[in-house]
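Undergrad: The residues making up each chain are set out below.
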Amino acid sequence: MTTFTPISALIGGLMIGGSAALLLLGSGRIAGISGIAFGLLPASNGERGWRLMFLGGLLLGTLLAWQLPTLTFAPRQGFPLWALLVAGFLVGTGTRLGNGCTSGHGICGLGRRSPRSLAATLTFVLVAMVTFFLLRHVLGVLS
Amino acid sequence: MKARLAALISGILFGLGLTVSQMVNPKKVLGFLDVAGQWDPSLLLVMGGGVLVTVLSFPWIQRRGRPLWAERFSLPTRSDIDRNLLLGAALFGIGWAIAGYCPGPAIAALLINPAEAVPFVLAMLLGAWLQPRWLGR
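Heads up: the protein sequence lines correspond to chains A and B, in order.
Each position in the first sequence, counted from 1, maps to that position plus 45 in the numbering used here.
Each position in the second sequence, counted from 1, maps to that position plus 28 in the numbering used here.
Keep in mind that the hints were calculated from the coordinates and are not lab data.
One thing to keep in mind: the hints can contain errors.
Stated by the list, open to error - Footprint (simulated), chain A over chain B, 3 or more residues, beta carbon under 8 angstroms:
#1 36–46
#2 76–82
#3 116–128
#4 138–151
All values derive from a computational prediction rather than experimental measurement.
Positions of the beta carbon are idealized from the N, C-alpha and C atoms, including for glycine.
Please take these sequences and the hints and turn them into a complete structure.
TA: What follows is the structure, given as structure tokens:
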């Protein structure tokens with residue numbers, strides 16, 4: 046169980062929004078992580094340079110913040126491998142089919158006032174809440 | 029060159045933001061999805077903070093006509109809500125609720141919890157690579 050952390054959530058959110066604004070202002074690109082990552086897959090003809098720089102920066106920024114003891118947490122252990130694989134496959138399939146994830150549709154798409162992104166965001170949040178309820182509260186698995 | 033530097037700094041800021049907001053911790057994300065249990069609304073404020081910045085800055089940036097260090101803006105042009113969008117979002121939602129990872133935090137977690145993030149990201153890339161081959165045609 047985790048507790049509500051409004052201050053750090055808001056500060057982190059403002060930083061993520063700032064990241065998206067900087068990428069749009071500097072490079073003219075949308076900071077949607079699934080789109081950036083999938084543009085590196087074989088047969089994608091997107092430019093690779095800026096994608097690699099962004100994802101490298103993402104890893105670097107995470108590692109930098111991880112040096113502050115107040116920001117670290119005990120990594121989850123014992124979560125079943127099959128569940129990680131099924132979840133990863135669904136997230137990859139769904140975000141490519143739906144052209145975006147929490148960042149592309151959620152942070153950037155809502156900022157562009159895109160009706161597609163609003164529909165996608167409401168859908169994945171509601172479906173995720175229902176799925177969570179069914180898995181953990183009805184079936185009693187993965188808790 | 030400068031466009032790539034902007035991408036690097038933007039990526040760093042994104043990673044810092046995900047860690048500061050604890051969104052790299054899947055338990056924190058699952059706490060947000062657990063509306064019928066001990067609900068942790070933190071993710072809502074992360075999203076709210078992010079959208080606050082984009083909703084205020086994006087129109088101003090786009091009004092400039094072109095980005096600072098690139099020829100033009102590369103923006104989505106579609107505005108229709110079709111079956112693939114909703115089906116894709118729904119599949120993503122199911123996967124998100126199973127493990128508590130969406131693409132950004134999963135990639136960010138590659139170095140801090142590789143035991144979970146490496147298999148997740150590999151399966152995610154496989155799913156994305158296979159999707160046009162079997163679904164949504």
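Undergrad: Please go over all the hints and tell whether each is borne out by the structure.
TA: Here is what the structure says about each hint:
1. Given as covered by chain A, the stretch 36–46 of chain B passes the check, having 11 residues with a CB less than 8 angstroms from a CB of that chain where 3 are the minimum.
2. Here the stretch 76–82 of chain B counts 7 residues with a CB under 8 angstroms from a CB of chain A, which clears the bar of 3, and the coverage holds.
3. Evaluation of the coverage hint for the stretch 116–128 of chain B: fulfilled, as 12 residues show C-beta separations to chain A shorter than 8 angstroms, against a requirement of three.
4. Here the stretch 138–151 of chain B counts 11 residues with a CB under 8 angstroms from a CB of chain A, which clears the bar of 3, and the coverage holds.
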